Amino acid sequence: MAEGENKGLVLLDFWVSPFGQRCRIALAEKGVEYEYREENLRDKSPLLLKSNPVHKKIPVLIHDGKPVCESLIIVQYIDEAWPDRAPLLPADSYARAQARFWADLVDKKMYESGTKLWKLKGEAQEEAKKEFIEILKLLEGELGDKKYFGGDTFGLVDIALVPFTAWFYSYEACANLSAEKEAPKLVPWVKRCRERESVSKSLPDPLKVYEFVCFLKKLCSWHVNGHLCRPEYIVGGFRHGRLTSFVG
Amino acid sequence: MDRSSSSLKFLGSWADSHTHRVRLALELKGLVFEYQEEDSVDPSPALLLHSPIYKKVPALLHDGRPVVESLVILQYIDETWTDNPIMPADPFERAIVRFWCHFADDKLGPAVGLVFSSVGEGQKAAVDQVHENLQLLERELREGAFKGRRFFGGDNIGLLDIVLGCGSYWLAVFEEVMEVKLVDPDTFPLFHAWLRDFEEQKEVKETIPPIDKLLEYARGIRQMMLSLSTDTTTTPTIGAPATGNTTSNNDAAVEEIGLLQESLVL
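Protein chains in written order, with UniProt numbering: chain A, 1 to 248; chain B, 1 to 266.
For the record, the hints were derived by calculation from the structure and aren't laboratory data.
Being a predicted model, the structure only gives us computed values, none of them experimental.
Incorrect hints may have been included.
Said to hold, decoys possible - Below 30 Å or equal to it, Euclidean Cα-Cα: the simulated DSS-like pairs (lysine-lysine) are:
#, chain 1, residue 1, chain 2, residue 2
1, B, K124, A, K108
2, B, K107, A, K50
3, B, K107, A, K66
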């Protein structure tokens, strides 16, 4: 391979993935140029399989040929590799610990709980709704009256959470759960985040997310008894227009 | 940061590997701290106050301010007391450390726990999973990110050594209690050598409980678990109460076992 070919930044991603969107937001905040590559999750590229051999998942950020995997690890990497601008974590070590704790909580809870909302039905869905509302209220409590989760500066926790807001429409349509009604204090925060170009350019149209969810639901109805099916096996059939480059 | 003027206290449980991670990091940094033992199934008011969301150990209190979740605590310790760093300085190397820490917590640990909590075919599958995970680490030591290193952190113990090491002693314990082979030195020579070197370190010896206490503890839980299971092919998941076959009278005991099992994972 020619020497120049490994230089630069490549993000292996999938358009609707909230985890991929975190990386896009972070790169945009830092004003860093990169090449976006859409992966077909049913037919993963050799580059993805080579870059993330352990999990074979997106997102993967490849920087000068070296892969970084897992979205929150990627976001922290981006912050540490470009320390001269737009810090994504606070300087104070206690505040950093709080940011990591809450980002990790979003990781542990939002995706799985949100997924249950559109996958399950009946009583199981009602239970899932209660669980999801609890998580929203926890986050609402932590945000309080602050501008962002970290205070005045947009940062790690905001980046971890905001992609899931593109799924709120789907949660309402599938589970009759209005995140805005259940956690009204998050509403101004969502609006504030969406006013940032890094966020508005990185998040998908909620209606497109809903179309995608409906597609997954149709495929999931082929699996019985409410067992959670794994979207990465089936999403290859639903493609979005490919972006070849993105400048934040 | 001045070690003498700040007050450090940490809440932990003696058999909990995440507690050992924090203790080891504090010892490596030469920090003075007060320790409070917590009952893993009956949290104290202090623990509930300082870890209200997860209600679990470990919880570190620095001048009264709590930090919870062991990986968060370890990085907090490293960034607050910057002598003897346990994380590398380079951003890419830091990302690698964080990746393998997640691997330890999300893949290897639960696989090891499943060996302990399952029987028959389920246990055999769990052992295979542990071997697959160890192969990944062995490969990194042989030809990947950690090639040629004595420890994952290089010449000295680093954060990933702490995370993997504080919990790897369960491998030997489970090998004896369950009579399975988990870390064959011929199959995993580098991992085996690393573990041996890790366990020889002075601070590690002072942190990890004596093996006979760990054996007794593990045997006790295994016995309780087997006596509660009404179906020998049931493989309850770590941390979650078993469903289906257990009677309602056993639910509380099963929950207790789930909580105890959680403390055993890497």
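So, going through the hints one by one against the coordinates:
no.	hint	verdict
1	B:K124 <-> A:K108	holds (28 Å)
2	B:K107 <-> A:K50	holds (19 Å)
3	B:K107 <-> A:K66	holds (23 Å)
Checked against the numbered hints given earlier, this structure breaks none of them.
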